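Sequences and hints are given; from them, build the entire structure.
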Amino acid sequence: MKKILLAVTCAAAFAGAPSFAFAQGAAPSEQERAAVKELMDAMDVRKMMTASFTEMEKALPQMMRAQVTAVINADPSASDEKKKAALEKVEQVLPGAADAVNRMFRDPALIDEMMAEIGPLYARHYSVAELKQLSAFYRTPLGQKMLALSPRLAAESMAIGQKIVAPRLNGLMLEVMQNAQAK
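Going by this note's numbering, the first residue of the sequence shown is number 1, and it counts up by one from there.
It should be emphasised that the hints constitute simulated quantities derived from the structure, not laboratory data. For clarity, every value in this text was computed on a predicted model and none was experimentally measured. All clues stand as given, with none of them false.
In silico DSSO-like pairs for lysine-lysine, Cα to Cα no more than 30 Å straight-line: (1) 163 / 84; (2) 163 / 47; (3) 58 / 84; (4) 163 / 58; (5) 83 / 183; (6) 82 / 183; (7) 145 / 132; (8) 145 / 163; (9) 145 / 58; (10) 47 / 132; (11) 58 / 83; (12) 89 / 183; (13) 183 / 84; (14) 37 / 132; (15) 37 / 47; (16) 145 / 37; (17) 163 / 83; (18) 58 / 89; (19) 47 / 58; (20) 82 / 163; (21) 163 / 89; (22) 145 / 47.
Structure (structure tokens):
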């Protein structure tokens, strides 16, 4: 049971967007903050994040199921009976785990916190002039199309990444679990 919960937790963690550590820079200047706000308004970031989270919510249960199922089925120390029981347990636990993650995605404070961090990120990587150019682009028909398609493209890209990375990750997780059991 503990292994199943560990696997579901790991699957949930790996199913989300990747996170990267980054160094904090100086606080953005007033000009940078204004340019970032203009860009976020042009991109309608809140709406885009909400749409992205909605797409993730749709894909998450299947991604978690695939990840955990692969780990269970790849365990050479488990009998067919144990694998079957573990898979049945996953089906019992998965809806609650997916619901918990989905509740997190629906928390309005999540988007507020993300936007507060994204602003300085953009200010660190783009000049004020570049931020204004990006804002102008996102106000064009092509920019609007890109924004409209971004959540779907992100979800489909995540599914492709999951399909390609999952087999490798499953082997790695199995190896880690076997090493942990051997100790």
